[in-house]
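Trainee: Numbering (the numbering used here), first residue to last: 409 to 1054.
Incorrect hints may have been included.
Unchecked claim - Now the in silico label distances, taken between C-beta atoms and shown as ranges:
| id | residue 1 | residue 2 | range |
| --- | --- | --- | --- |
| 1 | Glu851 | Arg897 | 13 to 21 angstroms |
| 2 | Leu490 | Arg470 | 33 to 41 angstroms |
| 3 | Ile576 | Arg903 | 52 to 60 angstroms |
| 4 | Leu490 | Phe690 | 41 to 49 angstroms |
None of these hints come from the bench; they were simulated from the model. The beta carbon of each residue, even a glycine, is placed where N, CA and C say it ideally should be.
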Amino acid sequence: MAYKVIAKPVGGSEASWKVSWKIVDRKESFQSADIVFEQNSAGIDFALCDAGLRVFLEAPDRSRSELQPADLGHPKAFQFLLDTLQATASTGHSRAIKLVTPSAKGNIIRADILPQRMQDLEYIEQTTTFAQPLQLFDGHEWTASTAFVTLFKTSAGAIRLHDTYTIIDPALQVLESELHNRLPTPLVVPGLRRRTIVFLEGSEVLPNRGGCAARFYGAAESMGIDLVVLAVEGHWLQGSEYAHWRKAFIPIEFGFDADFPSRIVAAVRQYGEPVDGILTIFDSYQIALSIAAGELGLPTEPTSAYEVATDKYKMSAFEGRKSFVATTAEMMKIAQTEDLPWPIIVKPCRGFASELVVKVDNIEQLAAAVDRMDSESERHGSKFVMEHYCDGPEVDINFVMYDGQILFHEIGDEDPKSAEDGSDSFHERDCCSPTELPKIEQEVLYDSITKTLTKLGFRNGLYHCEARVADSTVEWRRTESGAQELVPRSAHSSRSPSSFLIEINPRPPGCNSSDIIETTWGVDYWSVLLAIRLRDSERVHAFSQPYRKGAQYFADMLFISAVFDKSKKGIWESGEVTAELAQRRPDIARHISKHLTFMEKGDRIPHPSTGVNTFVAYLNVFSRTSRAHVLDIAAAVRRELKIEYS
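Turn these sequences into a full structure, and let the hints guide you.
Mentor: Here is the structure:
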């Protein structure tokens, strides 16, 4: 069909666009419509931003009907139309959009599922959702006679091609194929309704300074889930700025005492309305939350499983390794009286963020490390585990488990820690996906860790695991560009590769780690986590579906840690270093998916030798060319970042 869209500013001349569309055949979960805009004329006083702008749709018989924002459904739909008209006028050639609607009847599984699944496609200029949370779609089929207004009003969202694609039909066909690759099945589920989850919020990090808040609360909002937040008095979620993220806020005293579960139960009962689940993403509170959930009759995993998974000594013992638990005061006595499996790793039993993790080769190095661990142990408790250090390649391996079945898993290769080169830090540096480990070693990790999860008693959850491959056939080696790559091991072991499980974190990985999985594979761990806690089976299965063609690119997650001389105070003198790099080096910027600088000018950073987390920024970079290429990009990013301390 060929119509005209006409825009007329008050007191100005008209501008018109020829608009034509065709309906694409229905797919398993969606249907789409391709719409092409071609500018006919524009008055010299035309301005789309004019508050008095009126928009009309003119039929082939020249009859006109005025378009109001409400006619197109979601308020963003009308603005998307105006933006497309303006984009067409600015480029002087035809522009194309694709509207997408679910092909079945039901409530949408997540309002922003379209932009969430279409990230980092180079030929897409903009993706906008038109759906409201839990919106009911009727599943009616679009046909050649479906009106222009109806197409917009019944769409879940729209995609506009980048202006560099002037040959439109082939680009729209590629986009259609990519929709089939990326969108999960189903997009709608009949009978979805608003649900309520109580969330035990343990982080005081503001959203603009890092953390997972925007991703977690955004996923809940898009899924139609109300959150009742339990947090300390004065938490930033208690105020008005972020009140839209929660339905209610209940102050609670945190702690590790025996009464903490009872305080959680009392807070939930204080809320006074029905709730469907209770959740935390903080390892140290999982035991108390599990106890409270059991008392409240809400879904949870066995408390005994959390007791092992959240204690690194118990986890090591559960795996059958020779290990010791000690306070700093007891470490030297153990080293002097026990046959320790040198070299050893010493780390807090309930530690986090790789803080106070130390590798020591002998008793002298242990003695030198004890004072440092003792000075910072208040953050992580007084108990430390001492166990053998495995020098095999390290991985992050994440599992989505539901009803005892693994629905999705992926493995990322972690660069060697700087401590393995003789420095003080075991903080993460880079994690590259997909893994380059030999297939047999991937299978060894998968089989061993899934058996451990099952043996612990876990059946439903998202598990962020860290492991090494003992006696691996590959090792890390530095390239000429400064990047690390996995290559065949120079000295082969007579033993077969085996899994050395370091820890199980019963939660998603951190924000930047989860982000890179979402963009690489399409799986958003935050929506998966929420659906699992509600035992929302259909949404769990939908959200756990990766792109049908696998990873869309090679990706590397860069953790930028503070490095400065001990003579300096550790005052951050730089600005938004990741944004500055992207602006200064557009050739690098086009390979950056997401980035964030955590620090602001004047912030004080502890020296890395303290063992405290000194992350200052992160960047997720990608390449569609090769793994070697993305590692070279990562190395270039590290060279190009301009960071100053005083």
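Trainee: Of the hints stated earlier, which fail here?
Mentor: Of the numbered hints given earlier, the structure breaks just one, which is hint 2.
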